[in-house]
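*Asks:* From first to last, the protein sequence lines are chains A and B.
So for the first sequence, the numbering used here puts the first residue at 1; every next one is plus one.
So for the second sequence, the numbering used here puts the first residue at 1; every next one is plus one.
Mixed in with the good hints there might be a few duds.
To be verified - Quick look at which bits of chain A chain B covers, simulated, 3 or more residues with Cβ under 8 Å: (1) 30 to 41; (2) 84 to 95; (3) 104 to 110.
No wet-lab data here; the hints were simulated from the structure.
Idealized CB from N, CA, C, for every residue including glycine.
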Amino acid sequence: MTTTTAGASARPLAGARAAQLLAARLPEAVLRREEGLGEETVVVSREHLPAAIRLLRDDADGLYTLPIMVTAVDWPDREPDMPRFDVVYQLRSMMHNDVCRLVVQVAEDDAWMPTLEGVFAGMDWHERECWDLFGIDFRGHHDLRRILLPDDWEGHPLRKDYVSFGEPVAFTHNLQWALPMAERPADMPGTYHP
Amino acid sequence: MTTVLPPPGPPGPYTSGRPPIDALPLEEAVDLVQIGANTMELNMGPQHPSTHGVLRLVLDIDGEIIKDVRPDIGFLHTGFEKSFESHTYQQCIPLTDRIDYLAPPMNNLAFALATEKLLGCEVPPRGQYIRVIMAELARIGSHLIWAGTAGIDIGAVTPFLYMWREREKILDINELVSGVRMMTSYIRVGGLMADVPDEFYGMVNDVVRTFPHFIDDYELLLTKNPIWRQRLIGVGRISADDAIAYGVTGPALRGSGVAYDLRKAQPYSSYDHFSFDVPIGGNGDVYDRYLVRMQEMRESVKIIQQAYEHLPRGPVNTLDRKVALPPRNEINTSMESLIHHFKLVTEGFRPPRGQVYSAIESPRGELGVYMVSDGGNRPYRCKWRAPSFSNLSALPHMGRNALISDAVAVVGSIDIVLGDVDR
Numbered sequence: 001m002t003t004t005t006a007g008a009s010a011r012p013l014a015g016a017r018a019a020q021l022l023a024a025r026l027p028e029a030v031l032r033r034e035e036g037l038g039e040e041t042v043v044v045s046r047e048h049l050p051a052a053i054r055l056l057r058d059d060a061d062g063l064y065t066l067p068i069m070v071t072a073v074d075w076p077d078r079e080p081d082m083p084r085f086d087v088v089y090q091l092r093s094m095m096h097n098d099v100c101r102l103v104v105q106v107a108e109d110d111a112w113m114p115t116l117e118g119v120f121a122g123m124d125w126h127e128r129e130c131w132d133l134f135g136i137d138f139r140g141h142h143d144l145r146r147i148l149l150p151d152d153w154e155g156h157p158l159r160k161d162y163v164s165f166g167e168p169v170a171f172t173h174n175l176q177w178a179l180p181m182a183e184r185p186a187d188m189p190g191t192y193h194p
Numbered sequence: 001m002t003t004v005l006p007p008p009g010p011p012g013p014y015t016s017g018r019p020p021i022d023a024l025p026l027e028e029a030v031d032l033v034q035i036g037a038n039t040m041e042l043n044m045g046p047q048h049p050s051t052h053g054v055l056r057l058v059l060d061i062d063g064e065i066i067k068d069v070r071p072d073i074g075f076l077h078t079g080f081e082k083s084f085e086s087h088t089y090q091q092c093i094p095l096t097d098r099i100d101y102l103a104p105p106m107n108n109l110a111f112a113l114a115t116e117k118l119l120g121c122e123v124p125p126r127g128q129y130i131r132v133i134m135a136e137l138a139r140i141g142s143h144l145i146w147a148g149t150a151g152i153d154i155g156a157v158t159p160f161l162y163m164w165r166e167r168e169k170i171l172d173i174n175e176l177v178s179g180v181r182m183m184t185s186y187i188r189v190g191g192l193m194a195d196v197p198d199e200f201y202g203m204v205n206d207v208v209r210t211f212p213h214f215i216d217d218y219e220l221l222l223t224k225n226p227i228w229r230q231r232l233i234g235v236g237r238i239s240a241d242d243a244i245a246y247g248v249t250g251p252a253l254r255g256s257g258v259a260y261d262l263r264k265a266q267p268y269s270s271y272d273h274f275s276f277d278v279p280i281g282g283n284g285d286v287y288d289r290y291l292v293r294m295q296e297m298r299e300s301v302k303i304i305q306q307a308y309e310h311l312p313r314g315p316v317n318t319l320d321r322k323v324a325l326p327p328r329n330e331i332n333t334s335m336e337s338l339i340h341h342f343k344l345v346t347e348g349f350r351p352p353r354g355q356v357y358s359a360i361e362s363p364r365g366e367l368g369v370y371m372v373s374d375g376g377n378r379p380y381r382c383k384w385r386a387p388s389f390s391n392l393s394a395l396p397h398m399g400r401n402a403l404i405s406d407a408v409a410v411v412g413s414i415d416i417v418l419g420d421v422d423r
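Only chain A is shown next, with the shape it has when bound in the complex (with noise of 0.2 Å):
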């Protein structure tokens, strides 16, 4: 019996041939080129994120016709100079059998992107999801509500600044946990003053 590559060491790096399309036919909109554990990932700018899509769509070498997911990645603690939002696209090419991922940098206080439901009909359900599980503003959306949630549900729960569930246990170095509610300072996360 031989032994098997069931992950993806025997496959090419997973993206590469996304990267390579918009590197070479689009370089404005590629602002950084990440590789990792067989997958390679590509920074792009916000603007020039709907031609991109477009172009991975219908260019005869992409064919990315499939949208797989379009989800974020809250990074509170990151430098002050680096946004806090990853919003993460992937997209399926059947022809070439290959998975790309693009991922687009927004701020906390500028957190929208452009819609892409005129791109890919599956984009609608997608993009409402995270809206409503992370609070991005997807513009020109026809339709953006609540999706999981119910519609009168305050904040968005994926995010890194929301508690779900439990608390820590106050120890000296965090002392303000072991404060009651009514008296916590209002920036204190899962705090709410009725």
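Dock chain B against the given chain A, drawing on the hints supplied.
*Replies:* Below, chain B alone, put in the same frame as chain A:
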């Protein structure tokens, strides 16, 4: 509504053998009926039995014809992705069971593969083969539930009882290997919970030997049944291009004629060792999705048979002691193993910084896990790319201009699991 019925006859082996979608005009049913200006809003669910859980549909209807469908989801939202961030990687495995609760080993496998990709760790061949057997058994079990409940929606109650009987055998195997019938948590990061007991071989052999005959029985009850055909053929069509634009994957996409299966395209867990076919439809309607799933069960049996006959010997867990627990007897004699055991149980392992996307072919489509590690012992972010979510988003497209009773058939044919949609 008139539907163009194809000439009766046996379907081909892996295609429905019917004309492609262009030959049958989509708008035909609507052209025959003059639509008035008045539409009514009708609420369906969330407690409707044919929504398979808690799905609410708002239908804009004109008489019997649906002008628009607006799915309202989220009733089962449990915040798994937030919970992942506060559990160590191995502690996440039991959470994943509960997402798509009809095929728990698939979820375990998706999570384990993504984590192993982060860690750069390889599972021994025996572990990979047993993973394949458990995943394909889960696929059969899931398709059985789908065919049974979708049949009930349409009025075919009898097959459900037979299908439940066969699913019982799969649950017995789950119980044998993991002690649990449904939420198995059997596939762990780095391998499996434990090797299979000796009774496993006999039980799997029993399924492999008898199950193809049971599928023949189901097909005898349904495939050529004139009522079944009249209810399904031509209903809920979606073309291949539309399905792709909506991100539809799995049997729903293959029913539209796209032969894309991640087990073939990007083989994981030794799927490249097995020979099997990818069944496709041609017309993209409910009947094609039904045929595709029936054929997929036959293909799954073929995979299980090959994996079972060529099951390698050796360990099932990775020998990397920083990932998988050491064997119990080693702990008694080796200080090193004791320390590893203690560290893994109390703290878990710490994958290097990075981000990966790893996808498997679940019974419903592409089940992807996008995982970000910040170097800690918990996932910094774990996005669950749920196939049911994307597939359900195409429901307004499929259900438009259908009859109300057809909406039930269309919702059933997408094979949603609300735990998977809402996460």
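*Asks:* Count the residues of the segment 30 to 41 of chain A with a beta-carbon closer than 8 Å to any beta-carbon of chain B: does the count reach three?
*Replies:* As far as the segment 30 to 41 of chain A goes, the hint holds, because 5 residues have Cβ atoms under 8 Å from chain B.
*Asks:* Does the segment 84 to 95 of chain A contain three or more residues whose Cβ lies closer than 8 Å to a Cβ of chain B?
*Replies:* holds (count 4)
*Asks:* Verify the coverage statement for the segment 104 to 110 of chain A against chain B, using a C-beta to C-beta distance below 8 Å and requiring 3 or more qualifying residues.
*Replies:* violated (count 0)
Hint 3 from the earlier list is the only one contradicted by this structure; the remaining hints agree with it.
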